[in-house]
Each structure stands twice: as structure tokens, then as C-alpha cells.
Amino acid sequence: MTQVTNEVKSGGGVVATARRRRKKLTFDKVSFMAVFLGLPLVIYLVFVISPFVQAIYYSMTSWSGFDNNMPFVGLGNYVKLFNDDVFMISVRNSVTLAIFLPVITVILSLILATLVTIGGSSRGQIKGLRGAGFYRVVSFFPYVIPAVVIGIIWSQIFNPSNGLLNGILTGIGIDSAQDFAWLGDSRTAMIASMVVIVWGFVGFYMILFIAAIKGIPAETFEAARIDGAGRFRTAVNITIPLIRDNIQTAYVYMGILALDAFVYMSVLNSTGGPGNSTLVMSQKLFSTAFTKGQFGLACAMGVVLAAITLIFSALVFLVNRLTGGTEDVSE
Amino acid sequence: MMSMKLSKKPAAAGHVERKAQDTKGDKVVAGVSHTMLALWSLLVLVPLGWTLLSSFKTTSEIFASPFSLPAVWKFENYINAWNTAGIGTYFFNTVIVVGFALVIVMALGAMCAYVLARYVFPGSRAVYYLMLAGLTFPIFLAIVPLFFILQNLGLLNTLPGLIIVYVAFALPFTVFFLFSFFKALPHEIAEAAQIDGAGEWRTFFQVMLPMAKPGMASVAIFNFLGLWNQYLIPVAINTKAENYVLSQGIARYAGQMGYSVDFGALFAAAIIVIVPVLIMYVLFQRQLQGSVSAGTMK
Chain A
0 MTQVTNEVKS
10 GGGVVATARR
20 RRKKLTFDKV
30 SFMAVFLGLP
40 LVIYLVFVIS
50 PFVQAIYYSM
60 TSWSGFDNNM
70 PFVGLGNYVK
80 LFNDDVFMIS
90 VRNSVTLAIF
100 LPVITVILSL
110 ILATLVTIGG
120 SSRGQIKGLR
130 GAGFYRVVSF
140 FPYVIPAVVI
150 GIIWSQIFNP
160 SNGLLNGILT
170 GIGIDSAQDF
180 AWLGDSRTAM
190 IASMVVIVWG
200 FVGFYMILFI
210 AAIKGIPAET
220 FEAARIDGAG
230 RFRTAVNITI
240 PLIRDNIQTA
250 YVYMGILALD
260 AFVYMSVLNS
270 TGGPGNSTLV
280 MSQKLFSTAF
290 TKGQFGLACA
300 MGVVLAAITL
310 IFSALVFLVN
320 RLTGGTEDVS
330 E
Chain B
0 MMSMKLSKKP
10 AAAGHVERKA
20 QDTKGDKVVA
30 GVSHTMLALW
40 SLLVLVPLGW
50 TLLSSFKTTS
60 EIFASPFSLP
70 AVWKFENYIN
80 AWNTAGIGTY
90 FFNTVIVVGF
100 ALVIVMALGA
110 MCAYVLARYV
120 FPGSRAVYYL
130 MLAGLTFPIF
140 LAIVPLFFIL
150 QNLGLLNTLP
160 GLIIVYVAFA
170 LPFTVFFLFS
180 FFKALPHEIA
190 EAAQIDGAGE
200 WRTFFQVMLP
210 MAKPGMASVA
220 IFNFLGLWNQ
230 YLIPVAINTK
240 AENYVLSQGI
250 ARYAGQMGYS
260 VDFGALFAAA
270 IIVIVPVLIM
280 YVLFQRQLQG
290 SVSAGTMK
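Each protein sequence line maps, in turn, to chains A and B. So the first sequence is numbered by numbering that gives the first Met the number 0: it starts at 0 and just counts up by one. So the second sequence is numbered by numbering that gives the first Met the number 0: it starts at 0 and just counts up by one.
Extracted from the complex, chain A is given alone in its bound form (with noise of 0.2 Å):
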């Protein structure tokens, strides 16, 4: 048994080898094996991985959805996409979204969680501000509420004749916000838009930025003070190469989201806003599919909108990877 135990350190794998060899395969463990590991995977295998495949081969074919006529017309659909000026439109506003977003919500995530971690006194242990608790529990909020109710929630506070913001605008005396629409003028709808999703986000990175802070040890702020940097260049030199990959896991994430976004853009202008200005590649799949039937395209769009989505978390890795990734603080 010692034997046992000594492997067990060594990785769990050659435990479970070594009981194979000593036990024969019984009812329990048969049993076991087949519950434990056949049940979830038949349920994941049909309702999530098989429309996966589906999807990449209906997008090659002109399928209505009413019939099981499927005439197959290769890459006819993608090529149908590259010259639809309203889908294109629509990955140019994704990509808008991918690009801004990240960076936006990134950024002021890590200003305030740096102002909670590293704000409190330099004298004595490194500690955070008072009240921090107070600051995390507030700004983690908007992530709990549904997103469907923060994009009600902000149309009725963007609405141009009983708004909150044109109220608080009209009254500090900006009277051109009189009867404003923020999200009915193309100018602003995007805008507009991209503030309701930060706000939703920026206080969920926060908390995970927060966590990746106090994960560095104290010590090395310590080190950083006695060598006498002040705070704002150990936030810039410490702490964000420490925290380097939960930064990158942050970009990834909030660009997939940007590119999905469907929630949002829907509920703030469910027809893609004026002049097509607000309209995501989600919303222009979603219509395509369950409004005008044209599944075999709208598949198409699906698989658009996947590698994009995949060559954006490429290319973020690729970045990172470029700019030094984790080399610098292995030193």
C-alpha cells in the first residue's frame, strides 16, 4: 500500500493504472464509468457539439428550414455575405466593439482595482484603502443584474423626453441635451451603447483584477518601496507585468462578449439603431435565421462570426506573446 500512496504523488494516472491491473473491471465500476461519464456526455455531445458540426455544414447549403430540401451551394453563401452591405456593416460594428471594449473596460478596471489595493498608507504593511469593502461589493453589482434589465434600464435613462441624462444635463444647464436622442441619432447610438456595456463590466474585472493584486506576495511591494518607487510606478512596473496573464484572460473575454453583445444591442435598439449604426453580426444572424428563415445563411454568419472570434483570442495571445508575456517577471 505504500507502494500506492508514494504514486499517488507522482500524478494521479498510474493510481488509477495500477488499480486496473489489480482489480478486474466489475458491475459497480462498470457502472460507475457509464453513468458517471456516458450520461453528461450524451447530453453534451447532442445539444452542444453536434449543431457545432451541424452549423459548418449548413452554412453550405441554401436550406429555408421549412422542408428537408437542403440543395448544397458550397461557399456560394459566404461569398453572398462579403457582398451584403447590411452584414458587412454589421462585422464592421463587431469588430468596432472587439476593439473598443476590451481596452476601455480593461483599463478602468485596472485603475480602480489598482486605487483599492495599493491606496491605503505607505507606511507600515502594504495595505489596501479603507472602506475597499464597501467599493468591491457596490461595483461588482451591475454584473448579477440580468442584461436584458440593464439595457431597459439605460434606454429609459438615455430616453430623450423623461431620461435621467438629459434630466441631469438639461439641469446643470446644457439645454441643447433638451429632447436629445442618444440612441436614436447614429452619431451617438454607438457610443452610447458601448457605455451601457462597460458599465456592466467594468466592475466584474475589477474583482478579478482585485484578486490577482493581493495574489502577489507582500513582499514584493515592500521591496519595490524600499527601493523607493512611489505608488504609481509600482502599479505600472510591479503590479501589472505580475498580474500580465489575468489581464490577457480579461481581453480575451471581454472580446468575445463584444463580439456576441446580443443582449445589449438588442434590447437598447432592437432594429439595429439608426442607419444600421448600432447593428451587431448577432442581430443580423438572429433575424436572418428565426425572422426571414434563411437558416443556411444565417449558419454562414454563425461560422463568420466563430472565426473571428477565434482570431481575435489569437491574435490577443500573439500580442501578449510579442510584447515580452510572461519573461519579464520570471526573472
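For the record, the hints were derived by calculation from the structure and aren't laboratory data. Any given hint could turn out to be false.
As the list claims (entries may be wrong) - DSSO-like mimics (lysine-lysine), calculated; alpha carbons at most 27 Å apart, straight line: (1) A/28 - B/212; (2) A/291 - B/239; (3) B/239 - A/213; (4) B/182 - A/28; (5) B/182 - A/213; (6) A/291 - A/79; (7) B/212 - A/213.
Use these hints to put chain B onto chain A, whose structure you have.
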């Protein structure tokens, strides 16, 4: 030392306080920090407070001024939202769907993660990568075929259909999180249970699962929030109004009212949707914030 090589940098705005390593400098920094954080907190709280205030006003009061207090605190808005807007029905549908989906996905996810983390069998890597794929690809890619799979199974527009899809799409996250958790549990205890004669089933349910409770709790809270807030899946595959869940019900209510309908009730409906998640959040705030960190430090 890291800080040495970076010494030649232009002094930035926040840099000035550095030389004052005394309480005065600290006060300035703390003051600036508190101001910025308080501003952000206001940005978070004001929209929510305004929603709460508006939920007690009549539509004409809402139109008259965004700031005014209601002349009479109109609690009927909540009754109207619950009954007329159908929020009550949607609420019960959501409780049923999220409740069942949560229990099932936690059970299946724990089982799957346990097997993947603690047994070696041919294809275990493949299963792991399949789960990763489910986390990476957008749901939008799957949504059209999913619609027809449910139609063929006769589960389209039914609550059981919605439950099983929720389970399937919450599974990869659940498995990933619990995978690292089960991996970290000591093997000796499972060994001891087996020596004492417990079979695989009993080892899992009586020994391993109770040990995984903290991890299970974190994942369950995240799954609860994710499923309660889910919008795309029900909008696509659950289009019968009587089966609506809260998120799609309130979206439709907001969408169908032009400028003439009951704004007070809309704000009340928003509050009704927020309150359950707010309660969950306040109750489990510590675990939730703790698991955000645990989830990213894998």
C-alpha cells in the same frame, strides 16, 4: 531587481505624491482614490436608485420630471407588473427552469469532472478538449441547428427542452471549474474508502462529493446567475408566450410598449427581476468574489 531597470521614466501625474512618504501624501492619495471610487459607485448606484424611485411613480409623473418624488407611492405598479405584464408567470417559469437545470448540471458536472480528474481512460484528453471547444465557440454558431434538434425531439417551446439545453451549455464551465477542484482533493481518502469496502458509487457520493462542497457552492452561484440571466437561448427555442422566462418576458414587455403604456410598471418589473439576484448576491457575496479569483488562477 525589477524596479531598477525601469528608473528612467517621465514623472507622471500621480508621481508627485511619492516623495511625501508621510501621512500628508497618504492623505492626498487616499483622497483622490476615494473620490474616484466614490464617483464610480455613484455611477453604479444612481441608475439603480432612479429605477427604484421611478417604479413607484405614475406614468405622467415619470414624464413630468425624472427626479421628482412620487406624489403617492404607487405600489400598484408592482401588482400591475406581476399580473398584467405577466411577470408573475414568467417568474415561476424561470424558477422551475433554473431550479431543475441547476440541480441537474451540478450533478452531471460533478460526476463528469470527477471521472475526468481522477481516472485515466482512453479518450480522456479528447473529452477534455471537447469541453474546451464548448467554452470557446459562440453559442450563435450552434443556435440554428439547436432549434431543429429540439424540434425533431419534440422539445421545442417546452420547459423540459429549455432545461436540457441550459444543462448542456452550462456543462463545460461546470466541468472545468470542478475538474481542478477534484484534482486537488487528496487521493488517500478515496483509497481509504475503497479499502474499507466502499464501491465507486459510494466513494463518490459519501466521501468525495461532500469534500467538494466549497467548489460546488461557487460553481452553483455562478451557474445560477448565468442561467437566471440567460436571454439568447430562450428567445430562440422557447417562443411560446406562456413558457417565457423572466428575461424574455420583460424584454417583450419593454418592446411592445410604445409611448402610451405603463412606464411605472416597467420599472417595477425591472426591480422584480433584480431582487432575486440581489438577494443571492448579498447572501453569497463572499463566495462569489472568492470564486472569481479562484477561477482565474488555475
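Here is what the structure says about each hint:
1. A/28 - B/212: holds (24 Å)
2. A/291 - B/239: holds (19 Å)
3. B/239 - A/213: The hint is violated at about 48 Å.
4. B/182 - A/28: holds (20 Å)
5. B/182 - A/213: holds (24 Å)
6. A/291 - A/79: Given pair residue 291 of chain A, residue 79 of chain A holds - Cα atoms ~16 Å apart, limit 27 Å.
7. B/212 - A/213: It holds: about 24 Å lies between the C-alpha atoms, which stays within 27 Å.
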